[in-house]
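Chains as they are written, first to last, in the numbering used here: chain S, 1 to 200; chain A, 1 to 200.
Read the hints as simulated data drawn from the structure, not as lab findings.
Take the hints with a grain of salt, since some may be wrong.
You can't tell identical chains apart in this list, so a pair holds if it fits in one copy or across any two.
[Stated by the list, open to error] Below 30 Å or equal to it, Euclidean Cα-Cα: the simulated DSS-like pairs (lysine-lysine) are:
(1) K193 / K33
(2) K193 / K158
(3) K29 / K47
(4) K33 / K83
(5) K47 / K158
(6) K105 / K33
(7) K167 / K193
(8) K105 / K29
(9) K167 / K154
(10) K105 / K47
(11) K193 / K29
(12) K47 / K83
(13) K35 / K154
(14) K83 / K29
(15) K154 / K193
(16) K83 / K35
(17) K154 / K29
(18) K35 / K167
Number of protein chains: 2
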Amino acid sequence: MSGPIEFHFDFSSPYSYIAAEVIDGLAEKYGRKVKWRPMLLGVVFQKTGQPLLVNVPLKGEYSLRDFARSARYHGVPFTFPAKFPLSTVSAARAYYWLHGQDCAKAREFARAVFRAYWVDGRDVSDLAVLQDIAAASGADGAALAAGIAAPEIKERLKVETDAALAKGMCGAPYFVVDGEPFWGADRLPQIEKWLQTGGF
Amino acid sequence: MSGPIEFHFDFSSPYSYIAAEVIDGLAEKYGRKVKWRPMLLGVVFQKTGQPLLVNVPLKGEYSLRDFARSARYHGVPFTFPAKFPLSTVSAARAYYWLHGQDCAKAREFARAVFRAYWVDGRDVSDLAVLQDIAAASGADGAALAAGIAAPEIKERLKVETDAALAKGMCGAPYFVVDGEPFWGADRLPQIEKWLQTGGF
């Protein structure tokens, strides 16, 4: 098979950010495309009944160390933001609004949102920040504000979140390759072996 | 630095089994030794307040798939056992009893316990099974039964479990390399980079 890799993520997930910096290059190496699909991870937390990782005793302290080390491992800049977690509803809706116009610009916007939050510590729950980021992709701020308020864009985010859950998404990032699910940036080596071998 | 790699694990952890099959070879490649330190993971669950992974909605189903695929990824035989979870108190005590006599035999026993459980599905909570496994390392069954009931062996397991927790152990396997903690078989590539570069 040679369909696209499905990449389900939430902009507020540090491992999603790390994976976002790596997945397109990995896919390209094996002639694959990637479908970027932001969703709302809070819905997964509701289903699993799990708290935020950073709030779990022992795991919280470890995870802060692991986020930064995993970023260094992949050669990706990283600074844990002062505001965490934050709402990613507007960022995800803005992605789908842009995606309806131009897939490449939407991807560029998604990368920029991740970096604004996970490198520069900007508050990407703030509409003005999102408008500023989108402006770099040539998007009009007023049109973006109207776009993310449109019923069809709100519906699109719900549909994508439900679709990810229906595929078994239990954490972020969550990849589906030829129907096989992979959870976590730490499964990138397994994804690579899958792409190399056609499944193992 | 070139001290030993500390390897904290519970015999009932599938990712610990996978890591156990890999870590000695990895360490040897970089001229390092490994300290194998079984402990009781239930104590970590008490601290973190986290349920058993296989019982978490969405994550449970995914994890069963991931255990088997991760084993295939590493080229390690794996069959999810009919009896899971089970008590590993006796197995861990037997390890420390053997370790007091002969480190190499204790390591051989630990590997055999992992394989008995994760490949052959044997009930390694059963003293008779442990005696049978230890016999292959030349240990006397009656002496083992007496050994694991000795106060100093019970105390040793408590001390090792507390020591792992004091190092921040939040899940299994948990490695400490030059003071740096790594949680999970999926952190083996980061451990390798650490050993290669002396830290990153």
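Each hint, compared with the structure:
In this homomeric assembly, K193 and K33 come within 30 Å of each other (Cα to Cα) both inside a single copy, at 16 Å, and across copies, at 29 Å. Taking identical chains as interchangeable, the C-alpha atoms of K193 and K158 are never at most 30 Å apart, the minima being 32 Å within one chain and 40 Å between chains. Taking the closest pair of Cα atoms, K29 and K47 never come within 30 Å of each other, the shortest separation being 35 Å inside a single copy and 43 Å across copies. Taking CA atoms no more than 30 Å apart as the test, K33 paired with K83 passes in neither setting, with 33 Å inside one copy and 42 Å between copies.
In this homomeric assembly, K47 and K158 come within 30 Å of each other (Cα to Cα) only inside a single copy, at 15 Å, whereas the closest approach across copies is 35 Å. Taking the shortest alpha-carbon separations for K105 and K33, only the intra-copy value of 16 Å comes in at or below 30 Å, while the best inter-copy value is 51 Å. Proximity of K167 and K193 under a CA criterion of 30 Å is satisfied intra-copy only: 21 Å inside one chain copy versus 33 Å between copies. Taking CA atoms no more than 30 Å apart as the test, K105 paired with K29 passes inside one copy only; the shortest distance there is 22 Å, against 46 Å between copies.
For a Cα distance limit of 30 Å, the shortest separation of K167 from K154 inside one copy, 20 Å, qualifies, whereas the shortest one across copies, 45 Å, does not. With identical chains, the CA atoms of K105 and K47 are never at most 30 Å apart, being 32 Å at best within one copy and 45 Å at best between copies. In this homomeric assembly, K193 and K29 come within 30 Å of each other (Cα to Cα) both inside a single copy, at 12 Å, and across copies, at 22 Å. In the homo-oligomer, the alpha carbons of K47 and K83 lie at most 30 Å apart both inside one protomer (25 Å) and across protomers (26 Å), since each shortest distance falls under that limit.
For the identical chains of this complex, K35 and K154 are intra-copy neighbours only, at 19 Å inside a copy versus 54 Å across copies, given an alpha-carbon limit of 30 Å. Proximity of K83 to K29 under the C-alpha cut-off of 30 Å is found in neither arrangement, the shortest distances being 35 Å within a copy and 42 Å between copies. Neither within a single protomer nor between protomers do K154 and K193 lie at most 30 Å apart by alpha-carbon distance, with minima of 36 Å and 43 Å respectively. With identical chains, the CA atoms of K83 and K35 are at most 30 Å apart within one copy only, with a shortest distance of 28 Å there and 40 Å across copies.
For the homomeric pair K154 and K29, neither the shortest alpha-carbon distance inside one copy (34 Å) nor that between copies (53 Å) is at most 30 Å. Taking the shortest Cα distances, K35 and K167 sit within 30 Å of each other inside one copy (14 Å), while across copies they are farther apart (40 Å).
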